[in-house]
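Participant: Sequence:
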Amino acid sequence: MANNWICNYEEIKKGETADIYFERVLDVLKKAGKADVNVTAEFSGDLPTNYSWGIFAGLEEVLSLLEGKKLDVWSMPEGNLFREKDEKGVEEPVMIVRGAYSEFAKLETAILGIISYSSGVATSAARVKLAAQGKPVYAFGIRRVHPALAAIADRAAYIGGVDGVSGIAAAKRLGIRAVGTMPHSYVLIMGSPEAAWSAFDKYAEEDVPRVMLCDTLYDEKQNRLWPQGCSKKGFLR
Numbered sequence: 393m394a395n396n397w398i399c400n401y402e403e404i405k406k407g408e409t410a411d412i413y414f415e416r417v418l419d420v421l422k423k424a425g426k427a428d429v430n431v432t433a434e435f436s437g438d439l440p441t442n443y444s445w446g447i448f449a450g451l452e453e454v455l456s457l458l459e460g461k462k463l464d465v466w467s468m469p470e471g472n473l474f475r476e477k478d479e480k481g482v483e484e485p486v487m488i489v490r491g492a493y494s495e496f497a498k499l500e501t502a503i504l505g506i507i508s509y510s511s512g513v514a515t516s517a518a519r520v521k522l523a524a525q526g527k528p529v530y531a532f533g534i535r536r537v538h539p540a541l542a543a544i545a546d547r548a549a550y551i552g553g554v555d556g557v558s559g560i561a562a563a564k565r566l567g568i569r570a571v572g573t574m575p576h577s578y579v580l581i582m583g584s585p586e587a588a589w590s591a592f593d594k595y596a597e598e599d600v601p602r603v604m605l606c607d608t609l610y611d612e613k614q615n616r617l618w619p620q621g622c623s624k625k626g627f628l629r
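Using the numbering used here, you'd call the opening residue of the sequence shown number 393 and step up by one each time.
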């Protein structure tokens with residue numbers, strides 16, 4: 393039987409997804425009587441070259457992870473724009489955690505991962521939305537991430553400003569309707585684009601937009617010029 397490599401929430405909460413050195417030094421600190429020293433951890437943004445700003449995301453997950461811990465947490469809200477440094481060249485924290493080191497030492501890896509991943513997706517989504525200049529933008533990126541991260545990725549993209557997401561899990565959590573057209577496999581099974589479009593138009597729910605995929609078997613520019621044959625308002629994709 394194959395191993396399951398997905399770490400569940402309890403494993404993350406216990407610090408089992410931490411780098412090993414946190415566990416080792418925490419043991420040393422306990423034996424030295426210094427594990428409960430009060431510390432302040434600042435989490436600052438680090439942006440790619442030529443990026444002047446980022447969009448912060450991941451706070452909700454971090455708060456869930458730290459729930460029940462005797463800690464104080466200060467953070468900018470999700471969706472806020474942050475810069476790597478302020479006007480004086482000082483690194484700008486996006487989150488500050490204060491309390492006994494033993495309370496969150498083994499969670500630092502997870503906190504960094506949550507903030508980095510979600511903020512990275514949110515920032516990319518915001519940049520695409522700005523480049524679209526007012527046109528609708530939808531997130532279809534979950535086919536390029538591990539399925540365990542599907543809802544997280546879509547949520548971060550939504551925070552970044554996309555108009556909708558394709559993922560079922562995130563749409564349910566966000567209280568919105570997932571968006572999408574049709575997969576290439578459907579067109580292949582139906583045997584031709586025309587058959588696929590006709591069946592979709594006939595049998596798909598009334599309120600599903602008639603957006604037809606047109607680049608499965610032919611060049612999309614040529615395919616798009618063919619008669620659509622939709623009884624309802626629709627267009628090709």
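If you're looking for bench data, these hints aren't it; they were derived computationally from the structure. Note that CB positions come from ideal geometry on N, CA and C, so glycine has one too. There may be inaccurate statements among the hints.
List of simulated lysine-lysine pairs, BS3-like, C-alpha gap at most 27 Å [unchecked claim]: (1) K480 with K406; (2) K422 with K462; (3) K498 with K462.
Derived Cβ-Cβ restraints for the label pairs, each shown as a range [what the hints assert, rightly or not]: (4) A523 with D428: 41 to 51 Å; (5) V537 with G471: 27 to 37 Å; (6) D428 with H576: 49 to 59 Å; (7) E479 with D611: 34 to 44 Å; (8) D428 with Q525: 47 to 57 Å; (9) S494 with Y401: 19 to 29 Å; (10) A523 with H576: 33 to 43 Å; (11) D611 with A570: 55 to 65 Å; (12) Y401 with E483: 24 to 34 Å; (13) E484 with E597: 41 to 51 Å; (14) E452 with N396: 33 to 43 Å.
Participant: For each hint, tell me whether it holds in the structure or not.
Facilitator: Hint by hint, here is what the structure shows:
no., hint, verdict
1, K480 with K406, "violated (39 Å)"
2, K422 with K462, "holds (17 Å)"
3, K498 with K462, "holds (14 Å)"
4, A523 with D428: 41 to 51 Å, "holds (49 Å)"
5, V537 with G471: 27 to 37 Å, "violated (20 Å)"
6, D428 with H576: 49 to 59 Å, "holds (57 Å)"
7, E479 with D611: 34 to 44 Å, "violated (51 Å)"
8, D428 with Q525: 47 to 57 Å, "holds (53 Å)"
9, S494 with Y401: 19 to 29 Å, "holds (21 Å)"
10, A523 with H576: 33 to 43 Å, "violated (26 Å)"
11, D611 with A570: 55 to 65 Å, "violated (29 Å)"
12, Y401 with E483: 24 to 34 Å, "holds (31 Å)"
13, E484 with E597: 41 to 51 Å, "holds (47 Å)"
14, E452 with N396: 33 to 43 Å, "violated (26 Å)"
In the structure shown, a violation is registered for the earlier hints numbered 1, 5, 7, 10, 11, 14, in ascending order.
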